[in-house]
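Below are the chains, spelled out letter by letter.
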Amino acid sequence: MKFFQSLLAKYMLIILLALSIVQISYMGTAMFVLGITKTGVGEFSSEVLLESEIEEQWHAQSKNINNVSNDAITQLFQRWQEQLPTASMFWVSEDGTLLTTVNVQEELPAKWTPAFTTKFIKQRYGGDPFTVIAFLDDDVSNGFIVLEVPRNVFNPPLINIYENYGNFLFLGVIAIILFFIVVSLLFFKGIRKRLLHLQDAMEIRDVDGLPIEIHVKKKDEIGQLEHSFNRMVCELRESKQRQQKEEQLRRELIANLSHDLRTPLTKVRAQSYSISKEALSEEGKQALRAMETSIVNIDALIENLMSYTLLMASKYKFEPKDINVIRFVREHLTTWYPVFEREGFTIDIELQAFEHHEWCVDPIWLGRILDNVFQNVLRHANSGKYIGVKTESTASYTAFIIEDHGNGMKNESNAKGAGIGLSIVDVMVKGMHLEWDICSDPSGTKIIIKHVNQSAMLGQ
Amino acid sequence: MIRILYIEDEKEIGQWVSKDLTERGYEVTWLESGDGLEQHLSSKDIAILDVMLPGLDGFSIGKRIKRANNELPILMLSARTAVEDKIEGLNFADDYLTKPFHPDELVARLEVLLRRYQKNDDVLELQHLKMYTKDMRIINTLTEEEILLTGKQFYLLQYFIRHLNQILTKEQLYEGVWGESYIEGDKTLMVHIRYLREKIEINPAKPMIIETIRGIGYRVKL
Numbered sequence: 013m014k015f016f017q018s019l020l021a022k023y024m025l026i027i028l029l030a031l032s033i034v035q036i037s038y039m040g041t042a043m044f045v046l047g048i049t050k051t052g053v054g055e056f057s058s059e060v061l062l063e064s065e066i067e068e069q070w071h072a073q074s075k076n077i078n079n080v081s082n083d084a085i086t087q088l089f090q091r092w093q094e095q096l097p098t099a100s101m102f103w104v105s106e107d108g109t110l111l112t113t114v115n116v117q118e119e120l121p122a123k124w125t126p127a128f129t130t131k132f133i134k135q136r137y138g139g140d141p142f143t144v145i146a147f148l149d150d151d152v153s154n155g156f157i158v159l160e161v162p163r164n165v166f167n168p169p170l171i172n173i174y175e176n177y178g179n180f181l182f183l184g185v186i187a188i189i190l191f192f193i194v195v196s197l198l199f200f201k202g203i204r205k206r207l208l209h210l211q212d213a214m215e216i217r218d219v220d221g222l223p224i225e226i227h228v229k230k231k232d233e234i235g236q237l238e239h240s241f242n243r244m245v246c247e248l249r250e251s252k253q254r255q256q257k258e259e260q261l262r263r264e265l266i267a268n269l270s271h272d273l274r275t276p277l278t279k280v281r282a283q284s285y286s287i288s289k290e291a292l293s294e295e296g297k298q299a300l301r302a303m304e305t306s307i308v309n310i311d312a313l314i315e316n317l318m319s320y321t322l323l324m325a326s327k328y329k330f331e332p333k334d335i336n337v338i339r340f341v342r343e344h345l346t347t348w349y350p351v352f353e354r355e356g357f358t359i360d361i362e363l364q365a366f367e368h369h370e371w372c373v374d375p376i377w378l379g380r381i382l383d384n385v386f387q388n389v390l391r392h393a394n395s396g397k398y399i400g401v402k403t404e405s406t407a408s409y410t411a412f413i414i415e416d417h418g419n420g421m422k423n424e425s426n427a428k429g430a431g432i433g434l435s436i437v438d439v440m441v442k443g444m445h446l447e448w449d450i451c452s453d454p455s456g457t458k459i460i461i462k463h464v465n466q467s468a469m470l471g472q
Numbered sequence: 004m005i006r007i008l009y010i011e012d013e014k015e016i017g018q019w020v021s022k023d024l025t026e027r028g029y030e031v032t033w034l035e036s037g038d039g040l041e042q043h044l045s046s047k048d049i050a051i052l053d054v055m056l057p058g059l060d061g062f063s064i065g066k067r068i069k070r071a072n073n074e075l076p077i078l079m080l081s082a083r084t085a086v087e088d089k090i091e092g093l094n095f096a097d098d099y100l101t102k103p104f105h106p107d108e109l110v111a112r113l114e115v116l117l118r119r120y121q122k123n124d125d126v127l128e129l130q131h132l133k134m135y136t137k138d139m140r141i142i143n144t145l146t147e148e149e150i151l152l153t154g155k156q157f158y159l160l161q162y163f164i165r166h167l168n169q170i171l172t173k174e175q176l177y178e179g180v181w182g183e184s185y186i187e188g189d190k191t192l193m194v195h196i197r198y199l200r201e202k203i204e205i206n207p208a209k210p211m212i213i214e215t216i217r218g219i220g221y222r223v224k225l
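Protein sequences appear in the order of chains X and R.
If you're matching positions, the first sequence starts at 13 in my numbering and goes up one per residue.
If you're matching positions, the second sequence starts at 4 in my numbering and goes up one per residue.
No lab work stands behind these hints, which were simulated from the structure alone.
The reader is advised that the hints may include incorrect statements.
Label-pair restraints from in silico Cβ distances [what the hints assert, rightly or not]: (1) R:Arg27 to X:Val280: 19 to 25 Å; (2) X:Glu258 to R:Glu128: 55 to 61 Å; (3) R:Asn168 to X:Asp220: 41 to 47 Å; (4) X:Leu313 to R:Arg27: 27 to 33 Å; (5) X:Glu258 to R:Glu74: 40 to 46 Å; (6) X:Lys201 to R:Lys66: 54 to 60 Å; (7) X:Asn309 to R:Glu183: 41 to 47 Å; (8) R:Phe157 to X:Gln253: 53 to 59 Å; (9) X:Leu222 to R:Phe157: 23 to 29 Å; (10) R:Asn168 to X:Thr305: 19 to 25 Å; (11) X:Gly431 to R:Ser36: 37 to 43 Å.
For lysine to aspartate or glutamate, the following EDC-like pairs were computed, each having C-alpha atoms within a straight-line distance of at most 16 Å [said to hold, decoys possible]: (12) X:Lys329 to R:Glu87; (13) X:Lys289 to R:Asp107; (14) R:Lys47 to R:Glu74.
C-beta atoms are modelled at their ideal positions from N, C-alpha and C, and glycine is treated no differently.
Make a model of the complete structure from these sequences and hints.
Shown next as structure tokens:
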């Protein structure tokens with residue numbers, strides 16, 4: 013990432029901009045002030061007017077008038093007015109007559125009495141406007157000329173600017189502050205928006221359950237974060253794909269193993285079936301029946317072994333959903349009924365509707381549990397020739413009871429194996445958050461598969 | 004005669020199944036792979052496919068068959084027993100039987116498929132009834148009279164015939180015949196079965212054709 017593409021650089025730029033605006037405004041103001049003062053000071057030596065200088069020049073110029081006439085006075089007044097447009101001037105003769113006036117706003121008497129003159133001098137002494145009285149050509153007989161300049165002309169330029177343009181300056185400062193606030197706000201709003209977008213993107217899940225990659229628009233710090241996030245998603249996806257591939261390989265291996273074991277088993281059955289078509293002694297027929305039973309048992313064992321291997325490695329597909337469990341068990345029994353019927357079992361089925369007949373289970377798993385239990389009854393409790401499938405419903409649970417009249421688990425038949433079938437039942441029952449009990453005595457075995465009522469459990 | 008297309012690469016199993024089916028009266032064409040499959044498709048009534056085959060596997064062959072002739076029932080016969088394989092197979096095939104199988108079971112399943120696709124014999128003899136499955140005429144052989152059924156009774160019996168020897172639950176029957184979800188406690192089905200029994204059974208109180216399987220449903224057994 014280049015420094016100039018970073019958020020830090022942008023933030024620094026905003027700060028510099030803000031500082032520059034303040035500086036530029038001051039400079040602008042100064043230049044503005046300079047411009048104004050330069051236009052208003054005329055021939056005066058200083059940019060700031062001084063009362064003493066005005067007074068001195070007024071006296072000097074009044075003294076320099078040799079030929080006192082109306083024209084000369086008017087010219088003098090005009091020159092001064094050009095330099096001081098706000099100034100007012102008038103000439104009073106020796107006998108007190110008001111002669112030439114320029115820009116006089118106030119009410120002046122046409123005839124000046126000594127009293128008025130005294131009063132005028134007293135009023136103007138140290139007052140506003142600044143007033144200078146000078147005799148013409150240093151001769152009292154020519155009368156006197158008066159210059160009145162408003163005091164604010166002598167104010168420093170800044171004071172004048174504040175007085176004249178104060179509102180604009182105030183608004184300008186406010187505008188600059190607002191501009192800075194808006195720029196900062198937009199900057200942080202942009203960051204916030206992108207962070208929130210990133211947060212949203214992190215929470216959205218694709219069909220495979222992983223977050224979706226973000227389109228990176230900028231190469232700043234957040235852009236880098238987005239890049240890192242995308243990298244993480246990519247790695248997660250690769251990891252998941254590896255895992256799926258591994259699962260697939262494992263399943264494939266087990267499926268192939270199962271296939272390779274079953275194919276010769278089918279050939280054995282083919283041979284035994286062919287032999288069974290021949291004329292055989294009773295002993296031969298007995299041997300064939302035993303072989304047939306072994307084929308069935310090996311088939312079940314291979315199936316159980318494969319399933320158990322997958323279950324133990326948590327690679328057995330599990331997709332729970334709400335199913336009508338009474339209907340499911342009843343339909344499942346339709347495939348087992350003929351098997352028990354052929355074996356001469358008494359079949360007792362009583363499936364009463366539950367109040368809540370939906371269990372959240374994987375139908376394949378539940379089917380497998382029932383298959384293994386029925387297979388167990390067929391193999392180990394064949395002597396009892398009885399199979400009962402019933403429902404039980406209490407306040408705390410609903411259950412299926414599978415009952416046989418065999419010799420019980422402790423006195424199992426000769427077909428006893430490693431118990432892998434029931435181990436699968438155990439793993440699957442627990443995997444689906446169900447419970448199961450086995451009650452076994454020499455008169456038979458009862459297997460209860462329970463679905464605990466969660467609301468009843470919470471109420472306890 | 005029912006003509007079967009059978010694809011199996013294992014010679015011993017292929018020979019055994021071909022021989023057994025031929026002995027049972029079927030005409031079997033046995034191929035060891037999917038090569039030259041096309042020429043047989045139009046002339047066969049049913050196909051039995053193994054999955055693990057040299058070249059194209061049974062799933063691909065089955066899909067091709069269904070594309071070429073959707074009316075040809077397919078039974079997958081495989082030593083692959085994983086749920087995933089069964090699901091993949093049943094996506095297009097009509098049945099999936101795993102090895103090692105008993106030939107009787109294979110034949111029973113073939114017959115179910117043939118009935119479902121109405122490819123087997125026209126006449127079905129069930130106890131004292133003679134049924135002409137194509138036009139669904141039912142003759143009582145005791146009286147030589149035709150039994151006339153109402154629309155629903157006819158569909159109900161037809162559904163049983165298509166699922167001969169299978170136990171059907173009340174839900175399966177109701178949904179198969181009425182095409183609606185079964186509501187627990189609904190007596191419609193039982194009433195129709197009673198009327199049907201009155202028409203086809205010799206003694207409706209002791210039915211011999213439509214068997215009641217207590218706690219599960221009903222079955223019509225050949």
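| request: Mind checking the alpha carbons of Lys329 of chain X and Glu87 of chain R for me, to see if they're no more than 16 Å apart? | output: Judged against 16 Å, a Cα distance of about 9 Å means the pair holds.
CB-CB spacing for Arg27 of chain R and Leu313 of chain X relative to the 27 to 33 Å hint: Given a distance of about 30 Å, which is inside 27 to 33 Å, the answer is holds.
For this session: Would you mind confirming whether the straight-line C-alpha gap from Lys289 of chain X to Asp107 of chain R stays at or under 16 Å?
Result: holds (13 Å)
**Request:** For the range 37 to 43 Å, tell me whether the beta carbons of Gly431 of chain X and Ser36 of chain R fit it or not.
**Result:** The hint (37 to 43 Å, Cβ to Cβ) holds, given that Gly431 of chain X and Ser36 of chain R are roughly 42 Å apart.
- Item | Assessment of proposed distance window 23 to 29 Å (beta carbons of Leu222 of chain X, Phe157 of chain R) | With Cβ atoms ~55 Å apart, the hint is violated.
Just tell me: holds or violated, for the beta carbon distance of Asn168 of chain R and Thr305 of chain X against 19 to 25 Å? Given range 19 to 25 Å: holds, Cβ gap about 24 Å.
Measuring from beta carbon to beta carbon, are Arg27 of chain R and Val280 of chain X in 19 to 25 Å? holds (21 Å)
Inset, instruction - May I ask you to test the hint 53 to 59 Å on the CB atoms belonging to Phe157 of chain R and Gln253 of chain X? - result: Holds - the Cβ-Cβ distance for Phe157 of chain R and Gln253 of chain X, about 55 Å, lies within 53 to 59 Å.
Asn309 of chain X versus Glu183 of chain R beta-carbon gap, inside 41 to 47 Å or not: holds (43 Å)
I want to verify a distance hint. Is the separation of the beta carbons of Asn168 of chain R and Asp220 of chain X within 41 to 47 Å? With a Cβ separation near 44 Å, Asn168 of chain R and Asp220 of chain X satisfy 41 to 47 Å, so the hint holds.
- Does 40 to 46 Å hold as the CB distance between Glu258 of chain X and Glu74 of chain R, or does it fail? With a Cβ separation near 42 Å, Glu258 of chain X and Glu74 of chain R satisfy 40 to 46 Å, so the hint holds.
Next on the checklist: The hint says 54 to 60 Å between Lys201 of chain X and Lys66 of chain R; measuring C-beta to C-beta, is that right?
Outcome noted: holds (57 Å)
The structure fails to meet hint 9 from the earlier list, while all remaining hints are met.
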